[in-house]
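Participant: Here are the chains, one letter per residue:
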Amino acid sequence: MDLRLDDDELTSCVACGLCLPHCPTFVVTGRDTESPRGRIALMRAVQNEGAPVTAEVLRSMETCVQCLGCETACPSGVPFGHLMEGTRAALAAEGRITPWWQRLGLRLLRHRRLLLAGSTLLALAARLKLLPARRLGLPARLPLRRGRHRASGSDVWLFTGCVMDAWQRHTHLAVQRVLEAAGVGVTPTAGAAPCCGALHTHAGLEPDATDIARGVIAQLSGDDRPVLVDSAGCGAAMKHYGRLLGTPEARDFAARVFDVHEWLADRLDVLLQNRPAEPLELTVAVQDPCHLRHAQRSHEAVPVVLGPFVRDLVTLDDDGLCCGAGGAYSMLEPELATAIRVRKTAAVERSGASVVASANPGCSLHLAAAGLDVRHPLELVAKALDAGASAAP
Amino acid sequence: MSPLLAAAARRLGRRVLPPEPVDHADDADAGLVEELRAAIGAERVRADAAARYLASRDASIYSEGTAGPLCFPVTTTQVSACVKIAAAHDRAVVPRGAGTGLSGGAAPLGRPVVLSLTRMNELLSVDLDNGVAWVQPGMVNLELSRRLAPYGMHYAPDPSSQQACTIGGNVATNSGGPHCLAYGVTSAHVVALEVVLSDGSVVTLGDLGAEPAGYDLRGAFVGSEGMCGITTAAAVRLTPNPAAVRTMLMAYDSVSAGAATVSAIIAGGIVPAALEMLDKRCISAVEDFAKAGYPRDAASVLLVELDGPAGGVAASADRVAEIARANGAVSVRVAADDDERARLWKGRKSAFGAVANILPDYYLHDTVVPRSRLVEVLEQVYEIADRYELTVLNVFHAGDGNLHPILAFDARVDGTIERVHEAGREIIEASLAVGGALSGEHGIGVEKRDYMDRMFSEADLDQQSRLRAAFDPHCRLNPGKVLPSAHSCADIGSLRAADGKLWG
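Listed in order, the protein sequences are those of chains L and S. When we follow the working numbering, the leftmost residue of the first sequence carries the number 1014, and every step to the right adds one. When we follow the working numbering, the leftmost residue of the second sequence carries the number 398, and every step to the right adds one.
Don't read these hints as lab results, they were simulated from the structure. Ideal placement from N, C-alpha and C gives every residue a C-beta, glycine not left out. Take the hints with a grain of salt, since some may be wrong.
[What the hints assert, rightly or not] Restraint-style ranges between C-beta atoms, simulated for each label pair:
no., chain 1, residue 1, chain 2, residue 2, range
1, L, Pro-1145, S, Glu-440, 36 to 42 Å
2, L, Asp-1020, S, Gly-438, 25 to 31 Å
3, S, Arg-434, L, Glu-1348, 17 to 23 Å
4, L, Glu-1362, S, Asp-857, 51 to 57 Å
Let the hints inform the model, and build the full structure from the sequences given.
Facilitator: Set out below in structure tokens:
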């Protein structure tokens, strides 16, 4: 089968194996079929050697978390993420991966009102014990009510996304408060841009992803306002719009996208001057979401921004290994996702932290499901600012 | 698949397409697979084409055979059971760690049972009194040092692939690494081994005492490339972390000035922990990747690491800098902190993969020459590569004369592979001609097997073959490697022809 992968990209892997310890699925399985090097070799076998797409080849591709840890580790600069996205797109186009119920679910993400209403229904059902939320991989306490979005100015867009807006709107509101404290007027995107398309790209639904990207760009263009994103996964996807669509507009748009920490790190002194903060008496471990560390490579901004607002900030000693969340991965591959998470929770335990700061909604839900106290970094900052305000004379 | 069905599949967005079936031509393995599954658990044996395809290769360019059933044992007992079952079926067994080897040592010949030891990756015990730790063979080299860090210890041999390669593979190839100049290679750091022999029996070689009784079978085993037995546990020496470390980078206008510095440092009685050299093309390749701050305009750089008590290290560093300048160093840079130190090493350790920034494939050589002949052989290497129109980059353990010329190429260009092999042969011959050795640390495997008779006499090879047969009389473990076919006892018999129809 022709996976339509670029031959130069495919041959750039020299099979040295230095990616292996950075691949979460290889680390927990020890199997080459679940390794970046192995997946690339299988892509080659399928595309160039006429190997059939067997059940095991499909599993090999489906079990990839798409964390891109291998890309950061690769000395040869193999664009693994691009290869895996291309492979999944080719397999999905042939109907070999991503079954109908997944496609239906992903389609729902683009319909904001339906999504919010559906989420509220789920929350009700969970409260009435009509739904085993935990077993379905849903957050333990889905929100019944959400705060209202309101624009406070037009300096920046705050991208609010789909599931995150339904389940973690409090995070967006906290982020907005922090930005406002730095003197920035914020417009939440809310209905203007209902989804970024990251999960569609992961699932190989390229046509949907490009369609969504075009929509987001059309809605948020017209001025040069920065588009700030507080979800690492969405930010990574939107920074890739240029490559996804290949148009100058898309590239211009992608250049306006910033992870909110990355953007705030340059304006931290204003924030600290404007508002007295009371550092929280907490030991906080920073968990680097893969889409911040490997995809955007801007994870270093998180401790910079969070540092002044908590007593102790600790780094985890696991070399930034993925937590296993991977967008919808934790729901689709619960067994592997859980095995991967065990290593992360062990690292948190070793660090002695009582709170984990995660800049990605998927990671935060996945880690919270293991019983950790997980907050968005800017939620902690907002709390410290509130404490500072009430302590001020 | 009919276009109509495909269209329907797309419309419904449903997986109506079953995975493509594979015609397993080798149902001959069915009985073997069944027994292996019964012995170690069904989920620990893979017989599918994808898994076998991947187990048929390592990081080398050799993939001549096809893996048969692939097993993932988790205990010594399971390893032993797999070996016994394979023996009962008269099948060879090839052990496998991370598959980072460069000489084809883990790439099976024929169609053997492959044992992947990646799941046996525990640190079994740390014995501070005896200064050793027992580890399982799948433990990753760097992970071991990390796990020893709380004790103030580390595992000294540090191959360039240390972040991925396993201790079992290190034992099999007697791995070296930059820091082996001062600390010695793997055989100096493995004091005892638990080994499964080719009949499935479990023996312990060596012991924790300083002077074990009897012949040093442990010494014979380390470096035997999986042909004498399968390591299931190793007692490795703990090396205390040095009190002080100083890492320096010196740049030169010529390769010979760098090499002269190397000789002068050793002649001056200083034994650095590591003494590494990179040539201009290699500097440029690693800079593109690692941004280690190597000067791109230098013809060569020397990376020197000194360790030991703080006072001694400082004095040696001054002395090394003096020697370097006297031998024409253009610049001498001393890493100011751990970050800079790590960056300097990252450049060196990522050299091999970074070559792919230039061309998609590489062939990494590994020969040893007397230190005094380094420059002469290097010049020949450049000349050989030019003659075969190949790009060559050099990065090597200058301190012990271990050359690593990397030939970079694009295998998709017709006739290239042949030129690479020819150039490789000439490089080996040039090294042997000045009294060098075939392999410094990567092992012989498939790669150097047919060159063994250029280095060893008939009698030498016969004795080596007899040593191997003493451990493995049926030549069932990793057959067809290291020893040229005329000297490898019954290897030929156990190399069943690969069916070549892996994917049906």
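Participant: Taking the numbered hints from earlier one at a time, note which ones the structure violates and give those numbers from smallest to largest.
Facilitator: 1, 2
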